[in-house]
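Single-letter residue listing:
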Amino acid sequence: AQSVAQPEDQVNVAEGNPLTVKCTYSVSGNPYLFWYVQYPNRGLQFLLKYITGDNLVKGSYGFEAEFNKSQTSFHLKKPSALVSDSALYFCAVAAGNKLTFGGGTRVLVKP
Amino acid sequence: SAVISQKPSRDICQRGTSLTIQCQVDSQVTMMFWYRQQPGQSLTLIATANQGSEATYESGFVIDKFPISRPNLTFSTLTVSNMSPEDSSIYLCSGRGTDTQYFGPGTRLTVL
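Top line first, the protein sequences correspond to chains A and B.
First residue of the first sequence? That's 1 in our numbering, and the numbers climb one at a time after it.
First residue of the second sequence? That's 1 in our numbering, and the numbers climb one at a time after it.
Treat the hints as calculated values from the structure; they're not laboratory data.
Ideal Cβ positions, reconstructed from N, Cα and C, are used throughout, including at glycine.
Each hint should be verified, as a subset may be incorrect.
With the Cβ distance kept under 10 Å, some of the chain A side facing chain B (calculated, not the full set) [unchecked claim]: (1) Q38; (2) G43; (3) L44; (4) Q45; (5) F90; (6) R106.
Take a look, some chain A residues computed to stay more than 10 Å from chain B by CB distance [stated by the list, open to error]: (7) P7; (8) N12; (9) A14; (10) G16; (11) V27; (12) G29; (13) N41; (14) K49; (15) E64; (16) E66; (17) S80; (18) S84; (19) A95; (20) K98; (21) K110; (22) P111.
Model the full assembly from the supplied sequences, consistent with the hints where possible.
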């Protein structure tokens, strides 16, 4: 069975500094990996995905993620964080028809 | 990308009653799903809604408690039956396009 781990419950970063949200996965076969963001009282918004190809994936709102097969990781990054990036971030892996989510990481960007 | 709407956005219900949540997608999706999320927590898959047939439920979820319908490609309903306070949660509808899954805004349910 597939699984996703987000080792940090919360990440605090100052506005303008780089932001990294960590994710590791376990899946049989080729991984389909996703990042979603959830703002307060909102549904999940799709940020980016890795299916195949280039290990560096660019997504919405200036976010990118790097797929590392040897480390089974798919960390989310943003070079310069904004206060408006404060939200709950979920990593997910798809295997077959099911999407399995990590526990989520709360990001707090301070002015 | 698919745009997914849900009704109602929130509700407060009495113990023992039932609530039906509606989900509409604006384009045809290959699959539809229902998830449950405690505020600030991760998502748990309840079931896959199958068009014209019985839904496929995950372990721990049963049809009598969470009956699901999907009469066509773009519409589905989830009913939370005989509610108890433990059913208080956010219920999210989701639809899968070619290779990306999209989510509705959720229905926040409080059971008193």
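Here is how each hint holds up against the structure:
1. Interface restraint check for Q38 of chain A: the shortest CB-CB distance to chain B comes to about 9 Å, inside 10 Å, so the restraint holds.
2. For G43 of chain A, the suggested interface contact is upheld, since its CB lies about 4 Å from the closest CB of chain B, less than 10 Å.
3. For the restraint placing L44 of chain A at the interface with chain B, the shortest Cβ-Cβ distance is roughly 4 Å, inside the 10 Å limit, so the hint holds.
4. Because the closest C-beta pair between Q45 of chain A and chain B is about 8 Å apart, less than 10 Å, the hint holds.
5. With its C-beta approaching chain B no nearer than about 7 Å, F90 of chain A sits inside the 10 Å limit, and its interface hint holds.
6. Restraint check, R106 of chain A versus chain B: the minimum CB separation of about 7 Å is within 10 Å; hint holds.
7. For P7 of chain A, the non-interface assignment is confirmed: its Cβ lies about 14 Å from the closest Cβ of chain B, beyond the 10 Å cut-off.
8. Every C-beta of chain B lies more than 10 Å from that of N12 of chain A, the closest at about 16 Å, which supports listing it as non-interface.
9. Even its closest Cβ contact with chain B, about 23 Å, leaves A14 of chain A beyond 10 Å, as expected for a residue assigned away from the interface.
10. With a minimum CB-CB distance of about 26 Å to chain B, G16 of chain A clears the 10 Å threshold, and the non-interface call stands.
11. A cut-off of 10 Å between C-beta atoms confirms that V27 of chain A is not in contact with chain B; the least separation is 15 Å.
12. At roughly 15 Å, the least C-beta separation between G29 of chain A and chain B is larger than 10 Å, which holds for a residue marked as non-interface.
13. Not every C-beta of chain B lies more than 10 Å from that of N41 of chain A, the closest at about 8 Å, which undercuts listing it as non-interface.
14. Residue-level check failed: K49 of chain A sits 6 Å from the nearest beta carbon of chain B, not beyond 10 Å.
15. The claim that E64 of chain A lies off the interface holds: its Cβ sits roughly 17 Å from the closest Cβ of chain B, which is beyond the 10 Å cut-off.
16. Consistency note on E66 of chain A: stated as away from chain B, and its beta-carbon is indeed over 10 Å from all of that chain's, at 19 Å minimum.
17. Interface exclusion of S80 of chain A from chain B stands, the closest Cβ pair being 26 Å apart, more than 10 Å.
18. With a minimum CB-CB distance of about 19 Å to chain B, S84 of chain A clears the 10 Å threshold, and the non-interface call stands.
19. For A95 of chain A, the requirement that its beta carbon stay farther than 10 Å from each beta carbon of chain B is met, with the minimum near 12 Å.
20. A beta-carbon of chain B is positioned within 10 Å of the beta-carbon of K98 of chain A; the least distance is around 6 Å.
21. Listed as outside the interface, K110 of chain A is consistent with that label: its C-beta sits roughly 19 Å from the nearest C-beta of chain B, beyond the 10 Å cut-off.
22. Annotated as non-interface, P111 of chain A keeps its C-beta farther than 10 Å from every C-beta of chain B; the closest such distance is 23 Å.
Checked against the numbered hints given earlier, the structure breaks hints 13, 14 and 20 and satisfies all the rest.
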